[in-house]
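Modelling step: build the complete structure from the supplied sequences, incorporating the hints.
Spelled out from the first residue to the last, the chains are:
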Amino acid sequence: MRIVIIGLILFLFSACGSGKKTDEQAFLEGLDSTKTEGPSISEEVIGSILDQIPSPLEISVLLKESGKKYNAGYLNSPDNTSKYNSNYKKALNLGVYGTDLGYTNIYEQNQDGVKYMASIKELANGLSIGQFFDIETIGRLATNSKNLDSLLLITTQNFNTINHYLQTQGRANLSVLFLTGGWLEALHITCETSASNPDNKELKETIGEQKIILENIMLLLSFYKESDQNMASLLADMEELKKIYDKVNITYTYKESTFEIVDGVMVIKDNSTSTIDITPEDITNIRNLTTSIRNKIIS
Amino acid sequence: MKKIIFIILSVCILNTLEVIGQCNAEALSNQCIPKLAAGFNFLKSYKIEKGGKDYVEYSYVFTKGTQYMINICAATQPTDGIVVSLFDSNRNKVATSKVGGQFVAAIAYPCNTTGIYYIQYTFDGSTTYCGGSALGFKR
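In the order they appear, the protein sequences are chains A and B. Heads up: the first sequence begins at 1 in the working numbering, then just goes up one per residue. Heads up: the second sequence begins at 1 in the working numbering, then just goes up one per residue.
A couple of the hints might just be wrong.
[What the hints assert, rightly or not] List of simulated lysine to any residue pairs, SDA-like, C-alpha gap at most 25 Å:
#1 A/LYS146 / B/LYS93
#2 B/LYS53 / B/PRO78
#3 B/LYS53 / A/LYS64
#4 B/LYS35 / B/VAL83
#5 A/LYS64 / B/ALA37
#6 A/LYS68 / A/LEU152
#7 B/LYS138 / A/VAL267
#8 A/LYS68 / A/THR291
#9 B/LYS98 / A/ASP263
#10 B/LYS50 / B/THR122
#11 A/LYS204 / A/ASP237
#12 B/LYS138 / A/SER257
#13 A/LYS296 / A/ASP79
#14 B/LYS98 / A/PHE259
#15 B/LYS64 / A/ASP149
#16 A/LYS269 / A/GLN52
#17 B/LYS93 / B/SER29
#18 B/LYS64 / A/TYR107
#19 A/LYS83 / A/ASP282
#20 A/LYS269 / B/CYS23
#21 A/LYS225 / A/VAL45
#22 B/LYS47 / A/ASP79
#23 A/LYS255 / B/SER59
#24 B/LYS138 / A/ASP51
FYI, nobody ran anything at the bench for these hints, they're computed from the structure. Since we're looking at a predicted model, the values are computed, not measured.
Structure, rendered in structure tokens:
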């Protein structure tokens with residue numbers, strides 16, 4: 001009888017638990033999933049790496065703030081959607097178009113933006129995630145330049161929701177492709193802008209800094225190289241890009257930061273410094289290979 | 001036997017209380033988005049909910065030349081003892097929202113070095129262990 005009661009209590013404790021796994025448990029279980037098909041690591045870990053990838057919008061803002069002119073010629077044509085028949089191509093180009101939309105939004109090129117919205121909606125529908133892209137609200141906001149902040153906010157929220165949804169549905173591979181496409185398009189736009197402004201140090205450094213993000217993207221793609229031939233092929237392309245980036249040196253010197261409180265906000269003064277060593281030859285090689293990889297994606 | 005029934009009932013009541021007192025971190029993180037200072041573009045919202053660890057951590061690649069803002073929202077007080085600290089890729093602490101016993105609801109970080117940064121939320125005298133946060137940027 002005592003054993004039965006103790007067993008009942010233990011059962012209640014386990015059944016009434018929150019059911020949450022610690023990160024360590026999730027990580028170990030993720031490693032175990034290599035036995036089955038799919039990614040070689042848990043989607044939870046993949047999600048945390050995906051979360052690190054910076055928004056391509058940051059690069060568009062950099063280009064606008066540094067006085068570079070809008071150039072629609074840098075972007076993928078919004079009329080190319082019919083070319084993208086596989087989920088692989090749809091997800092990659094959803095990312096490409098997402099970056100293009102951000103670029104048109106930042107430059108307040110609303111007529112172009114509306115075309116990209118339609119293309120994004122079409123690809124998102126094809127991936128059964130169209131319900132998360134609120135084209136009506138975004139289209140309405142895009143008609144007035146006073147709505148720029150709201151437009152950027154809603155667009156970012158929609159893309160964040162799509163990413164989160166894909167991960168919760170066990171489709172993180174599409175999230176990886178979506179972010180890879182978006183990142184590559186941002187790199188392409190930066191390289192093209194830099195080619196027109198070869199003396200611009202900030203643009204050169206931005207291209208060099210992408211080494212850090214490339215490493216994350218390669219890590220993400222590597223999780224799928226055994227289970228997805230397309231992603232393995234894309235990883236091979238990124239490995240070639242990495243060979244060029246290996247010549248880029250980033251050095252970092254840490255120095256303790258200082259701070260002051262201004263209007264209730266802790267404003268930090270970052271006293272650390274970094275330098276990025278990248279040659280014009282490196283830039284040219286990165287640009288050429290980026291164009292080549294991008295052409296495979298958008299064709 | 002009475003003791004056993006008491007223990008079983010206690011377990012179930014505690015579990016019920018846990019459900020009632022559930023943390024709506026998503027709502028709090030959404031509340032934080034419009035609280036980003038003017039000029040900052042929204043990037044991410046983060047849920048802060050104490051789990052198995054003493055802290056909640058996210059990471060993001062910050063870019064040199066960009067200023068980032070991270071704020072905190074809580075249900076009861078402005079921060080409810082939630083502290084956000086920022087660590088660089090080598091785990092050096094570069095910023096924190098608690099200094100000299102004062103809790104600040106937002107930090108602004110002008111980044112000098114591109115790299116992975118760890119955004120860590122800890123609880124210092126928190127009553128709910130529940131909150132939200134938003135990350136924004138401006139050039």
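Hints the structure fails to honour = Hints 1, 3, 19, 20, 22 not satisfied by this model.
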